[in-house]
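Asker: Taken in sequence, the protein lines are chains A and B. If you're matching positions, the first sequence starts at -6 in this note's numbering and goes up one per residue. If you're matching positions, the second sequence starts at 2 in this note's numbering and goes up one per residue.
To be clear, the hints were calculated from the coordinates, so they are not data collected in a lab. Some clues are possibly wrong.
Said to hold, decoys possible - The list that follows gives simulated cross-link-like pairs (lysine to any residue, SDA-like), each with its CA atoms no further than 20 angstroms apart:
1. B:Lys227 to A:Ala207
2. B:Lys308 to A:Arg159
3. B:Lys298 to B:Asp208
Stated by the list, open to error - Just so you have them, the derived chain B footprint on chain A, three or more residues with Cβ under 8 angstroms:
4. 150 to 163
5. 190 to 198
6. 201 to 213
What you are looking at is a predicted structure, and each value in this text was computed from that prediction instead of being measured. Where a beta carbon is used, it is the ideal one built from N, C-alpha and C, also for glycine.
Each chain, written out:
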Amino acid sequence: MSAVLQVAFIGLGNMGTPMVINLRRAGFPVKVYDRDPARMQALAEQHGAVPCADWPSLAAGTDVVITMLPTGKDVADVLLHDRGGLAAHLAKGAVVVDMSSSEPLGTRELAAQLARRGLGMVDAPVSGAVQGAIAGTLSIMAGADDPAHIDRVMPLFVAMGKRVFRTGASGTGHAMKALNNFVAAAAYAATAEALMIGTRFGLDDALMVEIINASTGRSFNSEVVFASQVVTRQFKTGFAMGLMTKDVGIASQLGEALKVNAPVSRLVAQRWEEACKARGPGVDQCTAILAWQEQA
Amino acid sequence: MMSSTSNLPKVGFIGLGVMGTPMSTHLSRAGYPLVVYDIRTELAVQLAAELSNTSAATSPAEVAASSDIIVTMLPNGEVVREVLCAEDGVYAGLRPGSLLLDTSSSEPWLTQQTAEEMRAKGCSVVDAPVSGAQHGAKTATLVFMVGGDDADVERVRPLLQCMGRAIYHLGGVGAGHAMKCLNNMITSMNLLALAEGLAVGTRYGLDPAVMTDVINESTGGSWVSKTHIHQRILNRAFDDPFKLELMVKDIGIGMELARQTGVPVPLSANGQHLWKAAALAAGPGASVSELVRWVEKLTGVTIESAKGPRAPAAQ
């Protein structure tokens, strides 16, 4: 039982790459897969990860598969559909850890399908963005139908993150992630609207933010995003508009699917879609206020 | 230290409620000679008996007649206008050179109207609404959001320093009142979004107590999420002392400012409708926490941890 976990890591983007580096630094053997061979090569040369081009070689000897992909659909494709799916090649008892920000109802379904093949599943999305991934200080929200699966992969979480929240059954991590981002996006939008009114009235935006941060209106967004990124015109939170829009959309659709009447979530999702459409998915999410100001 | 023969300005204080009483007490302890008034005259008589060098007035006019600086701490801007314009109101006793310091949460456009009238009488206005609530008033840790001309603001700064811990001068008359309602508008939207997020998560199967801990550690965290959910919702107390109708009032001021300045704010506009509906359902006098109970009705989800209430996780 004390054998070192053999990891297969899929998705070597802005988040996945530094997460693999932290796993390697902690001494875990890591096989890597990405559609872009150059990304695999860089991790192989500098950090001793093992690049794999096909599912059988990726699955051989693997205890834990970690996915860090743009959407839950990409995760399901890799595991079940693409070239017959990676899951068909994994040994019984292996655990899939989806650290992407996937859609929670889809995660429940995927966990059930994997369970039928004797595979475990943990959904473990993160907050802390690229800086947190590099520093190994991510907050991890972990859901699993079998808590023992979380226990098993905990050494990997410790290598990549600072704090692990156990949120409940399969899908709860993903639900938590999307709902947190909805609450954050709403706080951003409310703060932005107040600044738009106040500056039009003649108030100074930097002073407004300073006062909000000394008052009941303060939030992570007002204290960090507005104070250091928006009023300074830096606009660098490292979180893309398209990803924020996706997460808020997941939260809003989750409410719809569960028949929970949550009108603010619908409107926040719509506002972010507007901003994403106007400015593009690749820009920093904290520039949304610029899109909304242009409507005014 | 506290000399009754000091040359400190004479201060009139109108409105001796849960905020005005401790605020005027701090001024008195700092040595300001006071004349105090409340529509419930027994409050003024009682306070005058407790404080040194303080007298009770029987009308706002009487306060104005013997004050250099008149402080108001009243429920809203309409009440401030009544206190000014009534037959025995402030205007009836006003001396040229006096200054009105309105610490109420008034409508900025009413404050600007008052400032014009006061200017015509050779007087001036500073608006300085507060955040920090009753606790801040008692401990002299209020945050003042100040609007007014520089010289007028400097004139009242020593008073504000006696009653608060921070003073932000935002601009001309009305700027403080604008800031106050906009801060509360943000607070109200944060609470509304949080309630919806907790409702959706609870229905999905998340424990709202764990959700709150995660949010407080993450980008969704806010003053509201850290002070209101474990403390007033998950324990089913719904007992924040701030009144729901006052929040609705502040949102209304913010939305009127948006209309006057022509800024489209769809999220706040929608939030206003929802808060108004909650106020109708909860009735007058209800706590601001009742907004969450109304969201529970709207969503059909009780935001309650299956494990019962507990303290927030350490941060």
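Asker: Quick check: which numbered hints come out false for this structure?
Answerer: none
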